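> Residue numbers (my numbering), protein chains in the order written: chain A, 811 to 1102; chain B, 78 to 192.
Keep in mind that the hints were calculated from the coordinates and are not lab data. Values in this document were obtained by computation on a predicted structure and should not be read as measured data. One or more hints might be untrue.
Straight-line alpha carbon distances no greater than 30 angstroms define the calculated DSSO-like cross-link-like pairs of lysine-lysine that follow [what the hints assert, rightly or not]: (1) A:K1092 x B:K178; (2) B:K178 x B:K116; (3) B:K178 x A:K824; (4) B:K178 x B:K129.
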Amino acid sequence: MTKRTQALSRARSKLLATDDASRCPVLDPRTLGRPFHQLQDFTARLGEALGRYFSQRFNRRYGCAFSVGGVRLQLAQTPPGMQWCSYRTAGGQISVALKRSLLLTLLDYRYGGSGELPPGADAAPETESELRLLDLLGRELAALLQQSIQPEATAAATDAGPLLLQPPAAGSQLLQITLHENTRQLSGMLWLALDERWLGQLLASVAPRQLPSPSDEHATLPLGRQLQLRLHAQLLELQLPLGELLALRPGDTLPVRLPPLARVQVGDAHLFDAAVAEHDGKLWLTSFQDVE
Amino acid sequence: MEPTDAFDIDAMLAAPADTAPEPAANAAPRRDNLQMLRKIPVTLTLEVGSAKVSLLELMAIGPGSVVELDRLAGEPLLIKVNGTTVGQAEVVVAGDNYGLKVVELAALDLDTLQP
């Protein structure tokens, strides 16, 4: 255990006033123990990178007007009815999905159109062209996401690999990106799903774990000597309501039955029974008996 | 026309309005925190003393071991409630039975806890 962890574990708990409770947002229990709260910088950087990508890759070339509204990590089920493109990259699996109306609008722009879709285009059967565009988009976005997590990665290392038409791996977390096409006044979601491995790399990149250095003298002490425990010798244990306890006054006598040996506990664990002895004015425990 | 007793505006203004709110009667009953606190079960222990040992020393404890406690012989025993020391006591003999005589107890008045 590091000095910092020891200090934290010994720190006395605080009770905040009710008015201050609003300063403590409720956390999803699945995010505890990992630095999810430090992802705002990453999502902001990713939003900017996605905005540049759509601007340079599509807006300038095809005259469309895609922009990114916001990025947030969502711990939720994958949305139903979406066509996902998944890629097994070197660091884990990344999956990409885009609201179909946005994808079809982008496809129309690429074919020289104005991005206007005929009524019911969303409900028409999926075409090969549409899937090819989604795969192209998926590969490029997967590479962009990898570079955002690992800026030092080479282009070869961010290769998305073969296309897998399957939903995100179990346990994946979704980056939910709000995408707008301003000419056609369209808005929708783009989802990037990170599997557990990629999520671990992302969280490690925002807050690297501080492992104790080998030179830390406390860390090199054997645990058996370092770990200190307190033995408590008790003669009696009673359960009673707080009201009865508060009614007691100095001079009152409670009838009790005393055991011949004291209970020796470490925390709540009853480890031994032992006799209490006196020597040189001090109290001692002796004649230890193991408790089964 | 003679005024009638059926419409006496002075009497109506003097009388308390029937529709006036009565905060005490209409408000939700206040939770009796003190009564709730008094029912909470607590664990009272009588402690002879304690000793700090390392894990290695604990593992070596056997029937012949002798471990020094942090209390002097003759000192009152510690009354602890849920692990917190709240007072001191001594063991007394009452006929064939033992008794725990409270020597000192931390004063705690629940009424002072009311917000």
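> Run through the hints listed earlier and report the numbers of any the structure violates, in increasing order.
3
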